[in-house]
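Please arrange chain B on chain A, whose structure you already have, making use of the hints.
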Amino acid sequence: MNPIKILVAAKRVVDYNVRVRLKPDHSGIATDGVKMGVNPFDEIALEEALRIRERGEASEVVVATVGPHEAESQIRSLLAMGADRAIHIETTRETGPLEVAHVLYHLVQEIEPGLVILGKQAIDDDCGQVGPMLAALWGRPQATFVSKLTLEGGRAQAVREVDHGLETVEVDLPAVITTDLRLNTPRFIKMPDIMKARQKPLDRRPFENCGIDLPRLEVEAYLPPPERVAGLRVESVSELVTRLRDRGVL
Amino acid sequence: MSPEDFFGIGSELTEEDRLVQSTVARFVDERALPLLPRAFEEGFFPMELIPEIGSLGILGSSVHGYGCPGLGALAYGVICEELERGDSGLRSFVSVQSSLVMYPIATYGTEEQKARWLPKLARAEAIGCFGLTEAHGGSDPAALQTRARLEGGNWILSGSKMWITNGTLADLAVVWAQTDQGIRGFLVEKGMPGFHAQAIHHKLSLRASDTAALFFENVTVPEQNRLAGAQGLKAPLSCLTQARYGIAWGALGAARSCLSTVLDYTRTRELFGRPLAATQTVQRRIAAMVRALTLARLLAFRLGQLKDQGTLDPAQVSLAKWNNVRMALEIAREARDLLGGAGITTEFPPLRHALNLESVATYEGTETIHELVVGKAVTGFDAF
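Heads up: the protein sequence lines correspond to chains A and B, in order.
For the first sequence, the numbering used here assigns the number 1 to the initial residue and increments by one for each residue that follows.
For the second sequence, the numbering used here assigns the number 1001 to the initial residue and increments by one for each residue that follows.
Source of the hints: derived by calculation from the structure; they are not laboratory data.
Being a predicted model, the structure only gives us computed values, none of them experimental.
27 Å max Cα-Cα, derived DSSO-like pairs, lysine-lysine:
(1) B:LYS1190 / B:LYS1114
(2) B:LYS1190 / B:LYS1234
(3) A:LYS190 / B:LYS1120
(4) B:LYS1190 / B:LYS1203
(5) A:LYS148 / A:LYS190
(6) A:LYS196 / B:LYS1114
(7) A:LYS190 / B:LYS1114
(8) A:LYS35 / A:LYS23
(9) A:LYS196 / B:LYS1120
(10) A:LYS200 / A:LYS35
Label pairs and their calculated CB-CB ranges:
(11) B:GLU1048 / A:GLN157: 31 to 39 Å
(12) A:LEU166 / B:GLN1198: 52 to 60 Å
(13) A:GLY33 / B:ASP1029: 18 to 26 Å
(14) A:GLY128 / B:SER1011: 27 to 35 Å
Some chain A residues near chain B, calculated using beta-carbon distances under 8 Å:
(15) ARG76
(16) SER77
(17) ALA80
(18) MET191
Ideal Cβ placement from N, Cα and C applies to all residues, glycine included.
This is chain A alone, in the form it adopts within the complex (with noise of 0.2 Å):
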């Protein structure tokens, strides 16, 4: 097989050590001064890439971010870790996940990779929506929530983790993987690497020039979920069953 190209897409998120805390509008998560990082999960997709190309299977590896113009530190973190090289495409604005999916499918196009590797879901809203729709408007095979991943002769053999357990999928590349936790362990950034990211190419583009013009979703307003009452302690199972009788529920 001649090694293939991947193209892994990553998300600027809330660092995952960060409690969130909502705007006092209530129009959105507070990040100024909240300290970003990139979704684990991405990181993981990275590294799974980057043992793909170091055992000669691939022979680029392109990531590529949807995000405002600060996303370019963890741009920069992604090719310190080993990515040759990174598009930006850049937005002040929150984008849904099927923006996403279409910037990644115009990507697609341009690159032409044998592999898209993403995260499972992004930590800060947890949609777990761009893999499936990348692959759905691509129209190629999908595997999700990826534990193993072993490339053979044009194919990819995948384990999911699913709610019985394991499942074991083969897909025709190119194909969607979405990563789950237990892939791998991302690897350190060594520091000399963080001096070289700097001279690798970051293609800066704007979303406006990707031509995509969907419905967007309206956000009113966010909220924080109810707080949760106390229960009640009951001191005998005819109390416990008046109570339940008087709440209806009997």
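Frame of chain A; chain B shown alone:
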């Protein structure tokens, strides 16, 4: 606002320096902290970290070339800060290798010495130590008694060194000795006949660190192992300036570890029907910690700027080392106290940090020495 960086100094760092910091932070959280409390308790340096430290590329971070990353002073600062958030012993290991071994070789060594040692030291395939302090006291290095005399083109070294971090681990010792021409530096290699290191036991501080005495019984050291550019006491003192700079940053890490422990504990620990953190006495003590840490961070950051500009004065480093270690020591003791009985085991880090910081306050210049350095700088009188 982060309690550990109340004025948001972190946002003044470059993108690269922030990436350096988050990488070392992850290494400390995932790889080092699971090992450090037991290493401290049982008194050993966690050797399995050495190859990982080498592969991270944090050794000799400021050295250009020879397999070193050539990062700036602020990057070295945040490396020290994160490592000491783990344990002062871990930061000491890296300080010694970077500032006291690789720095003098890069600054005073011959081309041959640099090419032979720096790449190996950067990868942690060779470990170094620094021999200046002697048993009669470290504060008056001009009076050092280790002698080197020239005999048939070789140097014969005799004497001993005390309180040497990495001493028994070291493949290479940078040793300072008195000669007929004044103080000179020598690269003494493990296995040279007459050179041996002996571990110092029964420590109550820096227990996760290798501390040793070095002995030189007429060790023959070839002239090619002399640091050609190092002449007089100012050479070893310049190394100490580098290490003290790192310590001024490292102290922030130890203090952060204590502060975050206390915040977590007092927010959840309920006494008299409310969290400890909801009481005025506890809040005043926590606010005082945040104040001291914030001031120390501003000092360290400015020091880093001056170092990168090349206008740093050693007296400024003295003031920062003195202030920041004192700050960290006081925060560690306060934190231990606020944890009550929970603060006395290795489960919580403050007492471990407090015990370590007793050494950190002493080594690389005691508080008195730094007071005298600052005193001399502002009065013009040498009162040593």
